[in-house]
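As you go down the protein sequences, you meet chains A and B in turn.
Counting in the numbering used here, the first sequence runs from 3 upward without gaps.
Counting in the numbering used here, the second sequence runs from 668 upward without gaps.
Please keep in mind that the hints were generated in silico from the structure rather than gathered at the bench.
Where is the CB? At the ideal position from N, CA and C, for every residue including glycine.
Treat the hints with caution; some may be incorrect.
[What the hints assert, rightly or not] What follows is a list of derived Cβ distance ranges for each label pair:
1) Leu-1130/B <-> Ser-140/A: 56 to 64 Å
2) Thr-155/A <-> Phe-1082/B: 20 to 28 Å
3) Trp-810/B <-> Trp-10/A: 31 to 39 Å
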Amino acid sequence: MNAMSPWWASAGFWRKTAVLVTALSFIVLIVLTLDSMAQMTAGGERVPAYSVINKRITYVEDAAKGHKVPAIGDDAPLFGKAVSEEDAEALVSLGKKTVQAKNCMNCHTLLGNGAYFAPDLTKAWLDPSWGNEAARESLMLAFLLDPPGNARTFGSGRKMPNLGITDEEAHGVIAFLKWMSSIDTNGFPNNFMPMQQGE
Amino acid sequence: MSALGTFDSTNLNGGQRLAVKYFTVAVVLFVAQILFGLLAGIQYLKPEFLHGILDFSVNRMVHINAMVVWMLYGFIGAVYWLLEDESQHEIVGLKLGNLGFWVLTAAVTVVVLVYLFVQIGPGNDTSLWLINEGREYIEAPRWADIGIVVVVLIFFANVALTFFKGRWTGISGVLVLDLVALAGLYLAGMFYTTNISIDQYWWWWVIHLWVEATWEVMVGTMMAWALMKTIGARRQIVETWLYIEVALMFGSGILGLGHHYFWIGSPNYWLSIGGFFSALEPIPLVAMVVHAVYDSGVHKMKNSNHPALAWLIAHAFGNFFGAGVWGFMQTLPQINMYTHGTQWSASHGHLAFFGAYATINIAFFYVAIQQSRGNNWMGAGLAGAWRWKWALGLLHMGVIGMSVTLLIAGYEQSFIERAVGGSTWSAYFEAQQHPWFVQAMWWRQMFGWVTLAGTLLLVWDLLAVGKGDTRPAEVAAAEV
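This is chain B alone, in the form it adopts within the complex (with noise of 0.2 Å):
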């Protein structure tokens, strides 16, 4: 082990120096992210804007995409992260992990410049499986599904495996069922079908049951592990809760995605059924944030790793404002027959996917980072810490001034596009100039800004946060 606080690999085992690769890609791909998406904000305000050279449709599409890719990745690094430590076994199959990396790498990269540059095709077989399969998120061409299966089944196997040889713990066993689920659902999108009504039925399989079912048990594993470390939690507790989670996430939102089966054709029992069930999605995020909150409590907040437990306080609120409250707002199908399709969903969208996902990602970069400088201190006093707390001041102000001015905008949309104006295209561009929607979407640009100001003030952070500190890391205390 090096001199603490020098970044060095030799303070890291071998899946956390896997997982550092994974954190640096994702930190690369949440800036793209931002990045394009602020290019496709200027297009509503300013429609001439690169019109014809990069269109809003690529600019959209590589936002979204950079943002799923990147969520995967901070979620495959943090397992990869929690790995070793978890199963008390060194990882299996390390080298096949590190080919696994730069194969996903190296596709993702390729994907992404032929977004940017082939960016479409002709309306036949050879570009769905080369170009684009133009499915919202799952845009990626059916050889790199391929590719991303035969990745996720070797992390799949690194992880099974060490678990196997090691010990294997209740996070240990949620975790290996739920990457199971993960992966499989990811093939009821990999098909094409004439009919759109039971291609967006799949389709939302995997976007549902990954977005609201198994990336929040993945999200819960990782709070679970990640307050036994910060806070010393202990693993009866969080293990428990885990479990609660489980039965309540997978209770309401397996059948909650239902409420995506509202208006594509299917039948009307899902009315009742999406209705009802996605009506209970918000519990299991009470139950994160009472958990979550409570042990801090319980431990005085005292803890070995400040900004990541500020990160981790942040994905509990944000899990269930952004998912819970935000999704709940427009879930029952009285409500969202006035709101399906405009900017509601945006906001919704970008609540959600910050509040539940880019926040507890962050976290791990964090105590990635403290590890990293051989476990130095991230308490009190630490220097340069105005830039984290300013980082999240920025990135919340930004995601929810932009949440809020999507909302503004989205209301809008219902009164008069909706409600009063029939739905009709002229309908719909009467209100995209409504002086509310136009004045809602300005201020959402500001706060994109304000958005990427904080990214990259977390980018300096993350490079230069405990760069130098000598003192060792304050042990989280054992409870009592």
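For reference, chain A alone in the conformation it holds in the complex (with noise of 0.2 Å):
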């Protein structure tokens, strides 16, 4: 190249399209994530309120998507006992902050992310495996509390160590779990098959 070199093979032109492409692509995503966060708060369609701990919460097929939905029904409060939106906040705070501080995303997936030494905790409150609706919150609790005494490998030989997770964080975690649950993931993971509640 030199100085006879065509415009579109020119250190300028290309200079110039870097800037406006970036600045327009960055201009783009802020636009969009303004979008995403008015419609990704906690109280909109795709991510319910704190307080949906509060209902019984199903995965049902949707026609239309072609995928299966979270779907929220009648009163049925974790641990039995209904709460405030604002308890509700703290309750899944208190867990979110546990899953946290426990490093579970090392081991785990949440919304597919994390490690994949541990199965994905997106669905953990719907999957089968608790059995059933009666027995899951007390299941939950006491492999919480002690993960190596309730160990569930499933054959695997693979154990959750002793977090020291204390009873309130427990049920902190159980608490983001079932909220967890009921955001609309557009179908992921594939396939959930659910267990069967309420019907």
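Hints in hand, dock the two standalone chains.
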């Protein structure tokens, strides 16, 4: 290349293009992010309010979309005790902080993100391995308080270690998992078969 | 300047002396990355191994954090390395830069010790501030985040002020703007929110816009400079290519961010936007391969530093295959629905981080070691050349082997866990115990040991290459 190079091969043309393309892409990203934040705030259609833990959450086929979606049903308060929106948020937040402080994401995936050594937690609340609705809460609680003692390895030998989770934290984690199961994840994980409940 | 073939810091300018410190820590962390990866790999095969002492979560966290940090140390080192040469000016604020290095290194040490010996804390803010933030790749506790930001600001001041006092070039302009973006994006990962969907939305701003945008541009500038140094490519050519790469990279990568927004509770339009733009992401990587290979060919591969050029070419192809092809394979939502959160991602991660980033950092280590010995001979007939060739071969064999075996495990998971099993926990564990998966993980472990062998050989070579060789370097022929 030299002074005679055509405009489309010149540094000046590509420098301007780079600046323009970057600026445009970033502006579009900002606009979409503002819209996404509005749609993803808890209490919206895709991400329900934290007080959803007071309700029965099921997972039903949506023929129009071609995949299953969470459905919020009758009252089914967590641990039999209905809580206010504020208390629900505090409980879910305790659970979320526990999930972070115990480093859950470096074995499990949440919404598919994390490590692949242990099962995905996106629909943990709805997983059929808890047996039935009546047993689920107490089984989850017992498991979190003493994971090796109540190991659910499905024959794999992979046991969750004892993470020193307190009773209060365990309640928070279960609330967090119940709330997370109500998020509309566009059908992820593929073809998930939930526990039968309330039918 | 001391005798050729002897390691002597008087061979280096101020920025380069600081760069060597960063490179040294990078190599130490590289070895740590491999060791903790091996421990985590063993736990897939023998789940009782170190259970309750160094659990998988800890090993895996140290494995990926050591990786992220050694990549960054490599980049920072590379920028300090080329700073005085590119700006034609003495580095501004070297003392502060040195202080920044020691502060950052001390912080990294404390963070790793806390990871290993404290590991976890109660579910409250204190844990997130002092122990572990629990968000993949950016687990470093909040106090360390703030420390990192301060040190990055010092680094940025060194770089920007030196260019201001010296001269601006295409490379330095891109570099400085890229550093602004790189540092700014880190802030998006420094807050707590209860809403996991919003948490992951911003978390991807850091992870994706680093790895698939700003880091790629960073290595683009490193490549541009290194091609001028090793083969004597003309500035006008490498800078024009650099602008093309920036346009294509940011043009595809910024909105390509949407491929992480398929399943986290974000709006539906991300399925189309993310799918479309991320499918374009391999294009700049093709441009990088064409550029590196074509220019090397123009110069008939005649170069001043054989190991460095070999690793630069390895970078061009590794970036294309690891980031481009392996990423493209699972980037469309119709496929990603089956593969997201399986060993497909681990396969892509291993090949991409090695191919795109480890390779070019290693190339810079070789550029640095040559200059440290007074810019001596690194061409044909280099004594002990088998070491760097075998290190390059073993590292490629190891990492490609791991990536292919993890991919097989991922395919098996997509079929058995997702397509057939209905993505339940029992389907997950059924897939984990299937012979295809188990065999793949055994082979992955074997290739992990091959990777370790390559890494150790590389370290040996970096310490020994060119030692006592008093021939001056071949000067890269200027292009006509």
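Status of each hint after checking the structure:
1. Leu-1130/B <-> Ser-140/A: 56 to 64 Å: Given about 59 Å between the Cβ atoms, the range holds.
2. Thr-155/A <-> Phe-1082/B: 20 to 28 Å: holds (22 Å)
3. Trp-810/B <-> Trp-10/A: 31 to 39 Å: violated (50 Å)
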